[in-house]
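**Student:** For reference, the chains in residue letters:
Protein chains: 2
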Amino acid sequence: MATRIGTYTLRLDKPTSIISFAAAGSRKESEGPLGKYFDCINEDSTFGEKTWEKAESTLQKCAVTKALKKAFLTPGDIDLMLAGDLLNQCIGSTYGARQMGIPYLGLYGACSTMAESLLLAALLTEGGMGHRCLAATSSHFCSAERQFRFPLEYGGQRTPTAQWTVTGAGACITALQSGPPYIREVTIGTIEDYGICDINNMGAAMAPAAYATLSHYFHDTGTKPGDFDLILTGDLGVIGSQLLHQLMDEAKLSITANHKDCGLLIYDRIEQDVHAGGSGCGCAATVLCSYILPQIQEGSLKDVLFMATGAMMSPTSVQQGETIPAIAHLLHLSHTSGKEGESC
Amino acid sequence: MATRIGTYTLRLDKPTSIISFAAAGSRKESEGPLGKYFDCINEDSTFGEKTWEKAESTLQKCAVTKALKKAFLTPGDIDLMLAGDLLNQCIGSTYGARQMGIPYLGLYGACSTMAESLLLAALLTEGGMGHRCLAATSSHFCSAERQFRFPLEYGGQRTPTAQWTVTGAGACITALQSGPPYIREVTIGTIEDYGICDINNMGAAMAPAAYATLSHYFHDTGTKPGDFDLILTGDLGVIGSQLLHQLMDEAKLSITANHKDCGLLIYDRIEQDVHAGGSGCGCAATVLCSYILPQIQEGSLKDVLFMATGAMMSPTSVQQGETIPAIAHLLHLSHTSGKEGESC
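Protein chains in written order, with the numbering used here: chain B, 5 to 348; chain U, 5 to 348.
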């Protein structure tokens, strides 16, 4: 079972693996630097559906189906599914999972959902509560734009700090002792709010949460940034990344040497005109499942801290003058299990 | 650690208790048959806030604070908080938990959230992932009406099948081996959809999910309805309860003798003019935390199946002609731990 190693962090005592993973996206994602690593690309962002919300459900289902297929599994082989998304009442996930018959726990962690679902899947797998658990999430540019900002037809101008919601979904399946990538520790985030109220500057709202979780992890485990090949944040974008660097520098835990952000990896920021970078639950999910997990699997990345960040406001709370609370959940993903007897 | 005893059910091997619980509500709830059992009642349903959404956050915070206080605990004594609500992006919970600094996992299970949060709290407590975990949820009549139906000022007429959203919040704290109420087994729900698309008839949409989870529990554990003092459903109301009875009768698992529904307990349906009964995340949460848990604690109820049901649609999905998927999660709550050496 998992051992608490500090206030915020749990160490998984049994080697817990991600046995399969898949990333699905659409045209803009395929045109980005990571496009070739995606498992499924549908150039048509409607995914054959009549509404953007149904398109998102179908997209998430694509990623889940592909992750199952890659491991030669069917929905009946999964003990538990953990999923969520940005849409009101998380309909992207619910409708996507409707026909699968898998015991289902719905989550809401905004853009932190890939880390939240994966850490819960890992804890429940390691604790013997499920032989195989499935973690999934999605976002869709068009469903997010009209829900959080403007109808697409309005053609609203975007601020320089705005990020572009990824049309993408990721899914991971966890099981015990099946080789890399292993999940070694997880740090559960706290809600942080530094008083940002600009809905077009999510990076600034989320950076304090990323800072809190990352510093909690280093404190709880006694590690330092240099112990990892890569510190990968969810979707801070260019503004949030700069702020996180500043906060970490001030705490004498500089991450500038080995930090990357999913929001800056997924698109060519200038060529693809995405302003401050990518965002959305699908951003961290697809970068993890397309580009990062294969590298950990083959060993070109040994130890990675994956931390997805989420801004937990709603359009209503912002209209009511509320500031934006944020959260970040972290997983230490590794090529080795860190258990005795392993040759590495 | 928890043992899987079938496809959907987990048995908690270590005695896992609900060490503290609290229910908060407003005037209409105080005027109902269970009003006197609530821990906190604020006659003013604004809870001193300027908007209904902020009122709901404050309400949830009341329940959480009271549950902590009853156990002489502070937020720092809690390892993990699991919470969610009906509001878009679950802002009732996020803003309520913002200042507490507790590691936080956001959930979305619609009106099933009290069962979802409590079963996860129980599994993670029993698995050693947290010494004390906190499960909470809330709903508010006014924030729900305007989000899901009409602005209050519109004075919309309600159909006979409509249910009244409870202005209430419940919170439970779990820990190992601290006396009754114990959580002995949990059954995680599957998403069920029988094609109901009437947003004013949630009971009908949720009854199939309740049927699926309840029959899964009896099948997995080899028990039958008569083994329990009470089978308590979340908020099926009068329509959903009748449908559940019918489905259970057909499966030769009649529950008519010992079934009650939180939606029918919380209000005087005729006197308080709530049509088909109460609903909302706060319905099952407050009935459990005000009226049921004390009876299990003192032993006047020995074995209770608590199953909260949730309708997982959104106004958008319904407007797009989608049917309403639903889910139900179940916990077996008991006065005894069921472990050897216990005198009872």
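Since the hints were made in silico from the structure, they are not lab data.
Any given hint could be a false lead.
[As the list claims (entries may be wrong)] In silico DSS-like pairs for lysine-lysine, Cα to Cα no more than 30 Å straight-line:
hint, chain 1, residue 1, chain 2, residue 2
1, B, 343, U, 306
2, U, 306, U, 256
3, U, 343, B, 18
4, U, 306, B, 18
[As the list claims (entries may be wrong)] A short, non-exhaustive set of chain B residues, derived as facing chain U with CB atoms under 10 Å:
hint, residue
5, 157
6, 161
7, 333
[Claimed, not checked] Some chain U residues flagged as far from chain B (calculated, every beta-carbon gap over 12 Å):
hint, residue
8, 11
9, 45
10, 54
11, 57
12, 196
13, 225
14, 273
15, 315
What you are looking at is a predicted structure, and each value in this text was computed from that prediction instead of being measured.
Where a beta carbon is used, it is the ideal one built from N, C-alpha and C, also for glycine.
**Student:** Would you pick out the hints that fail for this structure and give their numbers low to high?
**Tutor:** 1, 4, 5, 6, 8, 10, 11, 12 and 15
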